[in-house]
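Colleague: Listed below are the residues making up each chain.
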Amino acid sequence: MVVNTKLHAHETRENRLGSITGYSGTLKDLHHKACCGTLQDKERCFSQASTCNAACAFSILSFIVDAAMIQHSPSGCAVTAMQVSNSKDQLAAKIGLNHSKSCYVCTDMDETDTIYGATENLKEVILETYRRYRPNAIFVGASCVSGVIGEDLESVRSEVSGIIPIPVALVYCEGFKTKIWASGFDAAFHAILTSIVKPPEKKSNIINIINFYGSARKEITEIFHEFGYEPLFLISNTTIEQLSRISESAATISTCGTLGSYLGNGLSDLYGVPYVVSLQPHGIEGFDCWLSELGKVLGKEEEIKTYLAREKEKYLPKIEEVKRKLKGLKAVVGMGPGFNFNTSRALQELGIEIVYSAAWHFDRQYDDGKIPSAFDHLAHNSPNDFPLNVCDLQNHEMIHILKSAKPDIFFSRHTGSTVWAMKLGIPALCLYDEYDIFGYKGLLNFAYSILDKVTNRSFTENLSRRVKLPYNDWWFSQNNNHFLKSGEDNGS
Amino acid sequence: MVLKIIDQPRYVCALGAMQTVQGICRAVPVLHAGPGCAAKLAGGIAGSNGDSGYISPQIYPCTNITENEIVFGGEGRLKETIENALRMIDGDLFVVLSGCTTEIVGDDIAQVVSSFEGSEKPVIYVETAGFKGTNLQGHEWIVDAIITQYLVKKPGKGRIKGLVNIWGPVPSFDPFWIGNIRELEHLIREIGLTPNTIFGENRGIEEIDRIPQAEFNLLVSPWVGLSNVKKLEEIFGTPYLHYPVLPIGAYESTRFLQVVGKFAGIDPSLVTAVIDRHEKEYYYYIERTSDVFLENRTMSRRFSTVTSTTDALAVSRFLVNDFGLIPATQFITDKPPEEYHETIRQYFRDFTYRISTDIVFSRDGYEIHEEIRRTDYHGAPLIIGSIFEKKLAEELQGNFLAISVPIKERLILNSSYVGYQGGLRLLEDIYSYVFKQFN
Numbered sequence: 003m004v005v006n007t008k009l010h011a012h013e014t015r016e017n018r019l020g021s022i023t024g025y026s027g028t029l030k031d032l033h034h035k036a037c038c039g040t041l042q043d044k045e046r047c048f049s050q051a052s053t054c055n056a057a058c059a060f061s062i063l064s065f066i067v068d069a070a071m072i073q074h075s076p077s078g079c080a081v082t083a084m085q086v087s088n089s090k091d092q093l094a095a096k097i098g099l100n101h102s103k104s105c106y107v108c109t110d111m112d113e114t115d116t117i118y119g120a121t122e123n124l125k126e127v128i129l130e131t132y133r134r135y136r137p138n139a140i141f142v143g144a145s146c147v148s149g150v151i152g153e154d155l156e157s158v159r160s161e162v163s164g165i166i167p168i169p170v171a172l173v174y175c176e177g178f179k180t181k182i183w184a185s186g187f188d189a190a191f192h193a194i195l196t197s198i199v200k201p202p203e204k205k206s207n208i209i210n211i212i213n214f215y216g217s218a219r220k221e222i223t224e225i226f227h228e229f230g231y232e233p234l235f236l237i238s239n240t241t242i243e244q245l246s247r248i249s250e251s252a253a254t255i256s257t258c259g260t261l262g263s264y265l266g267n268g269l270s271d272l273y274g275v276p277y278v279v280s281l282q283p284h285g286i287e288g289f290d291c292w293l294s295e296l297g298k299v300l301g302k303e304e305e306i307k308t309y310l311a312r313e314k315e316k317y318l319p320k321i322e323e324v325k326r327k328l329k330g331l332k333a334v335v336g337m338g339p340g341f342n343f344n345t346s347r348a349l350q351e352l353g354i355e356i357v358y359s360a361a362w363h364f365d366r367q368y369d370d371g372k373i374p375s376a377f378d379h380l381a382h383n384s385p386n387d388f389p390l391n392v393c394d395l396q397n398h399e400m401i402h403i404l405k406s407a408k409p410d411i412f413f414s415r416h417t418g419s420t421v422w423a424m425k426l427g428i429p430a431l432c433l434y435d436e437y438d439i440f441g442y443k444g445l446l447n448f449a450y451s452i453l454d455k456v457t458n459r460s461f462t463e464n465l466s467r468r469v470k471l472p473y474n475d476w477w478f479s480q481n482n483n484h485f486l487k488s489g490e491d492n493g494s
Numbered sequence: 002m003v004l005k006i007i008d009q010p011r012y013v014c015a016l017g018a019m020q021t022v023q024g025i026c027r028a029v030p031v032l033h034a035g036p037g038c039a040a041k042l043a044g045g046i047a048g049s050n051g052d053s054g055y056i057s058p059q060i061y062p063c064t065n066i067t068e069n070e071i072v073f074g075g076e077g078r079l080k081e082t083i084e085n086a087l088r089m090i091d092g093d094l095f096v097v098l099s100g101c102t103t104e105i106v107g108d109d110i111a112q113v114v115s116s117f118e119g120s121e122k123p124v125i126y127v128e129t130a131g132f133k134g135t136n137l138q139g140h141e142w143i144v145d146a147i148i149t150q151y152l153v154k155k156p157g158k159g160r161i162k163g164l165v166n167i168w169g170p171v172p173s174f175d176p177f178w179i180g181n182i183r184e185l186e187h188l189i190r191e192i193g194l195t196p197n198t199i200f201g202e203n204r205g206i207e208e209i210d211r212i213p214q215a216e217f218n219l220l221v222s223p224w225v226g227l228s229n230v231k232k233l234e235e236i237f238g239t240p241y242l243h244y245p246v247l248p249i250g251a252y253e254s255t256r257f258l259q260v261v262g263k264f265a266g267i268d269p270s271l272v273t274a275v276i277d278r279h280e281k282e283y284y285y286y287i288e289r290t291s292d293v294f295l296e297n298r299t300m301s302r303r304f305s306t307v308t309s310t311t312d313a314l315a316v317s318r319f320l321v322n323d324f325g326l327i328p329a330t331q332f333i334t335d336k337p338p339e340e341y342h343e344t345i346r347q348y349f350r351d352f353t354y355r356i357s358t359d360i361v362f363s364r365d366g367y368e369i370h371e372e373i374r375r376t377d378y379h380g381a382p383l384i385i386g387s388i389f390e391k392k393l394a395e396e397l398q399g400n401f402l403a404i405s406v407p408i409k410e411r412l413i414l415n416s417s418y419v420g421y422q423g424g425l426r427l428l429e430d431i432y433s434y435v436f437k438q439f440n
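So the protein sequences, as listed, match chains A and B.
Each residue of the first sequence is one higher than the one before, starting from 3 at the first, in my numbering.
Each residue of the second sequence is one higher than the one before, starting from 2 at the first, in my numbering.
If you're looking for bench data, these hints aren't it; they were derived computationally from the structure.
All C-beta atoms in this analysis are idealised placements derived from N, C-alpha and C, irrespective of residue type, glycine included.
Some hints could be false.
Some but not every residue of chain B turned toward chain A, in silico, with C-beta under 7 Å [to be verified]: (1) I7; (2) P36; (3) G37; (4) A40; (5) Y55; (6) E68; (7) I71; (8) G77; (9) R88; (10) E128; (11) F132.
Computed cross-link-like contacts, DSS-like style, restricted to lysine-lysine with a CA-CA straight-line distance of at most 27 Å [to be verified]: (12) A/K487 with B/K80; (13) B/K133 with A/K425; (14) B/K437 with A/K103; (15) A/K96 with B/K437; (16) A/K332 with A/K408; (17) A/K372 with A/K302; (18) A/K302 with A/K316; (19) A/K125 with B/K133; (20) A/K90 with B/K5; (21) A/K103 with B/K133; (22) A/K125 with A/K298; (23) B/K133 with B/K5; (24) A/K125 with B/K5; (25) A/K405 with A/K425; (26) B/K391 with B/K437; (27) A/K103 with B/K391; (28) A/K90 with B/K391.
Take the sequences, apply the hints, and build the full model.
Modeller: The following block contains the structure:
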């Protein structure tokens with residue numbers, strides 16, 4: 003059972019999936035160890051700041067159209083409210099919606115609260131938030147402070163539930179609980195599954211798409227309409243009412259295995275909504291697999307085959323043309339595991355050689371108990387067995403890798419990770435949007451983005467000539483896995 | 002009980018002052034905190050203006066506290082992190098900053114840091130647990146730690162004639178911090194003084210080392226940094242000049258130069274010459290564009306600011322004393338300590354023509370917006386604040402400019418509203434919004 007509705011909180015990825023943040027080896031070795039159960043996490047005796055699961059949880063929840071966010075924390079944790087302040091409106095405007103309302107508040111816990119607790123204030127803040135904004139649900143986020151001092155959020159929820167007529171969902175995303183920030187997605191989805199989603203009353207023709215910001219909304223809607231289905235892009239820009247009925251959908255599919263696992267498998271376990279297990283829709287094979295597997299679930303295999311053949315005819319010749327210009331390029335990829343292994347496959351489709359890879363964490367399995375498809379596919383089909391580190395966004399490790407691997411180009415996705423390759427004089431392309439390599443057209447655009455990056459290196463070279471790296475030479479004379487403690491299991 | 006709620010956060014916790022450390026070239030924050038604190042705080046404060054300098058949050062050594070350190074204590078982990086940071090990172094000053102969890106579980110950070118006494122690169126510490134205060138208080142605590150843990154240990158050197166330390170703008174939290182500091186430097190340099198500042202490009206440990214040699218400290222801020230200049234006076238006997246208004250435009254910049262010139266004993270004729278030259282240039286532009294300032298359908302006559310104490314005061318002074326507008330209520334959102342509230346109120350009672358304005362200290366954006374909605378501005382209001390005021394201004398068919406965090410939707414590299422030039426910049430930006438509407 004993925005989602006134990008009896009549990010207040012989800013279990014972290016480390017405990018639930020045996021996910022790790024420390025590994026140094028190769029693609030095939032990692033695959034072997036993951037499959038035969040010998041993979042061990044390795045701790046680091048030095049680390050740089052990474053990020054926390056609360057940021058992940060609230061950065062997605064706060065995009066729900068009519069829900070309010072309350073962070074039971076000191077002021078700093080609510081900084082996510084600053085980041086999403088206008089983004090929610092901008093995203094809504096982009097898709098022509100005019101119903102975005104923002105509500106994101108914080109209990110501003112202070113020193114006194116750490117001694118006496120602050121559940122009374124939290125209760126008042128929940129009631130006041132309801133009075134002010136009349137949201138259709140309230141998400142209350144735990145924090146490191148509320149967790150360490152042992153605030154009883156469940157009692158607060160029980161108390162207010164009798165007073166206000168909307169669901170109050172608790173999000174257990176204390177920063178210290180997990181090193182894998184993607185656990186924050188699970189925390190958010192646990193809250194949605196246990197507090198928002200209702201049992202199905204009927205079946206609908208909606209396909210749940212678990213994604214971030216729905217940039218390919220137009221294309222996907224067109225495709226799905228061809229087969230008589232309606233996509234519902236989760237969870238940004240959705241309403242609580244829509245979310246409450248995702249149990250009625252015909253299927254769930256995701257653009258990111260890391261993101262989708264908990265909700266997709268949870269809906270499948272709890273309500274029998276099939277979760278499509280496939281590669282993600284990056285590049286040719288990913289797009290084929292993503293739609294074909296969906297087709298199988300919906301019984302639309304033939305229609306999808308015809309659609310794919312038609313699209314291939316349009317784009318494959320153009321892809322072949324640009325591929326010739328990319329020949330011989332060597333790349334390093336540094337991303338979360340969901341996007342990394344899909345991007346790597348797409349790069350190999352373009353004939354680009356992966357010479358080193360870094361994943362921020364690694365899930366040896368998803369919530370269905372199976373090894374992630376994109377990783378499994380890459381391990382079996384990659385023309386070379388390249389070195390691979392699981393490096394928890396550790397900049398020192400990443401820079402070390404880039405400096406020694408000297409690729410022609412670096413592919414990043416995470417905030418703050420792109421510029422460091424540039425500082426080394428390596429052109430870097432940030433795949434900031436999840437749909438940057440979506441399908442054949444996406445792959446074609448991606449190929450030209452790569453070509454543009456390696457053709458005009460001026461920005462990269464101008465910068466790299468004038469900056470110094472913040473590391474001592476000592477570091478570069480060590481192995482890049484110098485700080486990994488050997489053979490230590492984290493107990494998971 | 003009094004409801005404690007931040008609605009629309011406009012400041013962050015004390016640990017947010019890590020950006021103050023990062024603002025010093027080659028100074029390295031070392032965090033004894035959770036894994037997400039640095040990335041989140043930086044994303045919120047520095048976010049839309051970029052944060053990928055020599056040191057950035059991805060470079061900060063951090064203990065990335067997990068349950069293990071909470072149960073068993075994290076002092077060992079901190080020691081190991083500092084040791085490796087010193088070995089690996091090419092920095093001049095390492096500043097250990099603690100977060101909420103490590104302080105609650107009682108890690109003795111002072112003790113751990115003391116074991117690095119005498120290391121090749123100085124290591125100091127500041128307790129910046131998020132629940133202890135705001136990022137502005139954190140900023141003061143960091144400067145205090147630099148004074149009391151680093152500077153006091155340096156051998157004394159003589160005063161340098163004309164050298165002035167400038168304090169005030171807070172790195173990152175003031176989106177215009179670099180430009181503002183540079184413009185303040187520029188202004189005092191023009192009257193023959195030598196500025197010494199520790200933030201921004203090419204300012205680092207050497208500038209810190211020179212702090213005790215200054216003839217005086219110049220604090221340009223209503224309250225942030227006051228404890229620091231007092232501390233410098235106490236320890237090094239350096240007098241300070243507290244000029245509470247960040248000078249924007251001709252009126253305030255002129256007054257600023259006069260006050261600083263007098264305090265520094267500069268020949269008044271030199272100061273007057275500088276002022277005359279600037280005012281002549283400034284009013285060339287004002288004269289040339291006054292038709293546009295005055296002849297349009299949409300510019301406001303009354304305004305409110307929703308911002309930090311520094312910017313609320315600076316912008317109000319400019320709009321009233323320089324530009325002839327009338328202030329409605331000003332909302333101060335950076336949570337200044339209560340001991341300063343009365344003094345701050347006084348600052349807002351001292352405009353030309355005995356104009357004064359009410360101020361409200363609030364961290365509750367909802368209440369602020371309700372208050373603005375209840376106010377009759379007798380025309381379109383001008384609201385100067387953060388991105389949170391954008392929709393409000395649209396709703397009220399007013400004019401709007403975001404100048405404080407979260408600022409968003411504009412990029413600031415080194416722009417500044419300080420000085421004569423800064424006043425012109427501010428008018429450009431206000432009228433760029435005015436002209437988006439039918440005139």
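Colleague: So, against the hints stated earlier in the document, which numbers end up violated here?
Modeller: Hint check: 8, 10, 13, 21, 22 fail, others pass.
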